[in-house]
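Using this note's numbering, the letters of the sequence shown map in sequence onto residues 1 to 202.
Calculated from the structure, these hints are not laboratory results. A portion of the hints provided could be inaccurate.
[As the list claims (entries may be wrong)] Computed cross-link-like contacts, EDC-like style, restricted to lysine to aspartate or glutamate with a CA-CA straight-line distance of at most 20 Å:
hint : residue 1 : residue 2
1    : 108       : 184
2    : 123       : 53
3    : 123       : 182
4    : 137       : 180
5    : 123       : 180
6    : 108       : 185
7    : 123       : 156
8    : 123       : 96
9    : 137       : 96
10   : 137       : 185
11   : 137       : 182
12   : 108       : 28
13   : 108       : 140
14   : 108       : 20
15   : 108       : 182
[Said to hold, decoys possible] Just the calculated beta-carbon pair ranges, DEER-fashion:
hint : residue 1 : residue 2 : range
16   : 66        : 125       : 14 to 22 Å
17   : 184       : 84        : 33 to 41 Å
18   : 135       : 74        : 15 to 23 Å
Quantities reported herein were computed from a predicted structural model and do not represent experimental measurements. Think of the CB as a built atom: it goes at the ideal place given N, C-alpha and C, for glycine as much as any other residue.
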Amino acid sequence: MSSVTTLILAGGMSRRMGQDKARMVVLEFPLLTQLCRVVLSASHHVYVVAGADRDYSDLVPSGCERMIDRVLEGPLVALSHAMVNLLSQSPSGVNDDWVLVLACDLPKLSMVAVDSWVERLPKLPDGTIAYLPRSEKGWEPLCGFYHVSAVPLLEDFVASGGRSFQRWLLQESVAPFVRELEWDDRQVFLNFNTISDLERIG
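Please construct the entire structure, taking both the sequences and the accompanying hints into account.
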């Protein structure tokens, strides 16, 4: 089976949740622990990206590493800096052309889904830089794949002050090279911002 590098963006304090989502226990285990276990089988490396004040060593299983987000300017900037960091560590950082990027609040994500998606990557059209699910609200940027060739485009957008995933994905230099990740069970893409959201998902 093909393999990828995985970045899990964690450490955000949800204002509406009032607590760190990564540490929330759902189905007996903290969300971050569950997510790491789901992606380990399909990943050469798994990195948990979070601020220096967030130590998740008690949550992550063996095989996952910590990567510190030193800027703390939101998920797009965190992704850009993390991918640059991975490339600078190559070959130890990235052994793969594709990086799976996930938010930490995906309680329904399954190993079956991730393994299937990874198997599709070699069949994507040449030039594809992102492979993401889509909803009526737009792209779902924190449950999908980014090609390493996207790094210069991410860097340029961030350097110009861009902070919105949706705006970046709609840019003329980016939009033609984003492919939709389709999956019949839409539950795997669900995340949550409130306790009531989580109850509906559960």
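Hints, one by one, checked against the model:
1. A C-alpha spacing of about 13 Å is found between residue 108 and residue 184, which places the hinted pair at or below 20 Å, so the restraint holds.
2. Straight-line distance between C-alpha atoms of residue 123 and residue 53 comes to about 40 Å, which puts the hinted pair past the 20 Å bound.
3. Between residue 123 and residue 182 the alpha-carbon distance is near 14 Å, which keeps this suggested pair within the 20 Å criterion.
4. Distance hint between residue 137 and residue 180 is fulfilled; the C-alpha atoms sit about 14 Å from each other, no more than 20 Å.
5. Simply put, residue 123 and residue 180 have alpha-carbon atoms about 13 Å apart, close enough for the 20 Å limit, and the pair holds.
6. Between the alpha carbons of residue 108 and residue 185 the distance comes to roughly 10 Å, so the proposed pair stays at or under 20 Å and holds.
7. This hinted pair does not check out: residue 123 and residue 156 have alpha carbons roughly 28 Å apart, beyond 20 Å.
8. A C-alpha spacing of about 15 Å is found between residue 123 and residue 96, which places the hinted pair at or below 20 Å, so the restraint holds.
9. Restraint check for residue 137 and residue 96: the C-alpha separation of about 30 Å exceeds 20 Å, so the hint is violated.
10. Annotation: proposed proximity of residue 137 to residue 185 holds, straight-line Cα distance about 18 Å (limit 20 Å).
11. Note on residue 137 and residue 182: the hinted pairing holds, with a Cα-Cα distance of about 15 Å set against a maximum of 20 Å.
12. For the hint pairing residue 108 with residue 28, the CA-to-CA distance comes to about 13 Å; that is within 20 Å, so the pair holds.
13. For the hint linking residue 108 to residue 140, the alpha-carbon distance of about 15 Å falls within 20 Å, and the restraint holds.
14. The hinted pair formed by residue 108 and residue 20 meets the criterion: a straight-line CA distance of about 18 Å does not exceed 20 Å.
15. Note on residue 108 and residue 182: the hinted pairing holds, with a Cα-Cα distance of about 16 Å set against a maximum of 20 Å.
16. Range check, residue 66 to residue 125: about 35 Å between beta-carbon atoms, so the 14 to 22 Å window is missed.
17. Checked against the hint of 33 to 41 Å, the C-beta distance between residue 184 and residue 84 comes to roughly 35 Å, which is consistent with it.
18. Restraint check, residue 135 to residue 74: a C-beta distance of roughly 20 Å satisfies the suggested window 15 to 23 Å.
Checked against the numbered hints above, the structure breaks hints 2, 7, 9, 16 and satisfies the rest.
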